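Student: Starting from the given sequences, assemble the full structure and let the hints guide the process.
Chains as they are written, first to last, in our numbering: chain G, 1 to 421; chain D, 1001 to 1094.
FYI, nobody ran anything at the bench for these hints, they're computed from the structure.
Treat the numbers as computed from the prediction; the structure is a model and nothing was measured.
Be aware that one or more of the hints could be misleading.
What the hints assert, rightly or not - Not everything, but these chain D residues come out facing chain G in the computed CB check (under 7 angstroms):
{"no.": "1", "residue": "N1042"}
{"no.": "2", "residue": "V1043"}
{"no.": "3", "residue": "T1053"}
{"no.": "4", "residue": "M1078"}
Ideal placement from N, C-alpha and C gives every residue a C-beta, glycine not left out.
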Amino acid sequence: MENIDPDIPQPVEADATNPVSADAVPPVTKENEPRVVLTDADAKDGLAKCARCGATEIALNVATGMLRCGFCRFEWTADNAMEAFNLNGDISGLTGIVVGSGSSDIVPTTEEVLTFKCSACGAEVVIDTNHSTQARCHWCRNTLSMNQQVDNGAVPDMILPFSVEKSTAVERIAKFVGKRKFFAHPTFRAEFNAENVMGVYLPYMVVDINAHARLSGQGEHQTRSYTVKVGDKDQTRYDADLYDVVREFDMHVNDLTVESSSDRIDQNTSQNSNNIINTIMPFDVENSVRYDSNYLAGFTSERRDSNLDQLSPIAHTQAEDVARHRVNSTLTFYDRGVRWSEEEVDVRGQRWVSAYLPVWLYSYQQRKSNGKTFLHYVAVNARTGETMGSVPLHQSKLLLVSGIVQLVGTVVGLVLVAVGI
Amino acid sequence: MSTAAGQIFAASSSDGDGGGFGFVFLLSGFLFYGAIYLRYRNVDKRHKHESETQATLQNVQEHDAFVTSKKGLTNRSMSGANNTAVRGMLRKFF
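Tutor: Shown next, in the form of structure tokens:
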């Protein structure tokens, strides 16, 4: 943190006197029961004030990635989450299941509407955690923030602040769509306005995995290729050596990231375009900070609604994919490929942390002629700027042009086949 | 140089089938539709977790044992090879 007067008291969220570390992890009480790292140990609900002037008008300055007071322009940042919670600890020593307290199971019966007593004037203010973790007191105009974790998944362990500004996102979305206008649906072309992009914090689980893997199967190494005459045609034949292959290794997977909103997990591309949001990963989650709802000011957020039990299978399957692909670097000799018949990936330790990750999202609801609707997205990773999107097609125009291409191609193809090319 | 399977003319990786280029043109309309559909809708795109996730391997033990030699295989790659398979895709086409 630069340019800070040492006489100015540091913000409460940067309190170094009460760090949360792995030492705070309680001992395992039962086998396979997750150990919980309390990531909101010193979090306070209510007024989060500027350390310099005491104002509660606080928001993220996207240009610097720091929180900024709306009155005196003082800037500060929350602690790096990885360091604060010791989440960057040695993965090789990871055993059992460790979870951040913001990743704990969601309790369905928990009330989603919480009532706060305003710490400034005493009025009662209601926060609907389904939609927000902040509210403004209607009497004294102070902003009330909810930073403590309630059991409904509204407050994650950490948050990765926006660092790509809206103007950049608008530019990237306009450029992406601009390259796809010819076959775009005319209604979409008429209604498209990149300025309608919204900043959204989406919920993810970030997982570290310590595993031991053993893969066994067979691999083939090509020794020769040659051409043979079969009837009137030339065909290629291959000779290869077959080997039994075994690879056994320890694997440390760092920051595997999976969606934790059930809506986003569903990536059936005939029903939705959630794969677009999935595509803009990965994020630099190592730069996440401890959750502070002031980072949400000016942005919207989506609540996590999936528990570790629901997300474990997909995370472990993805870890197996990582193992299969990483070990390919030891299989270059087998240039015809390897057929694994047994894959054993023993997960010895895993660490789960829930995170809000930033996305600039342009969404467009397409109304189809059959009355159904389809939601298209153009998404920008608000850390890396990676952009991906889905643009509604003008089907009749595309079919017409494809038909013309097919007609011309058929004529050319018949001629080429006739002359044997 | 000859084999029981047929006469060998030259070592080559070409399929050697005449008219292959012409058949591509016969499918040009379908290929064009597919290419434009993917460019606009990007249904094939996803996060490549298998390669984009940080991971390290340690204590790697390798055991390789020769089994046999195979002659006259018709496929360019091993039948049933799955060392590049991806099973943890959240994406579903249907």
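Student: None of the hints should be skipped; say for each whether it holds.
Tutor: Outcome of the hint check:
1. N1042: holds (6 angstroms)
2. V1043: holds (4 angstroms)
3. T1053: This hint holds: T1053 (chain D) lies near chain G, its Cβ roughly 5 angstroms from the closest one there, short of 7 angstroms.
4. M1078: holds (4 angstroms)
In summary, the structure agrees with every hint in the numbered list given earlier.
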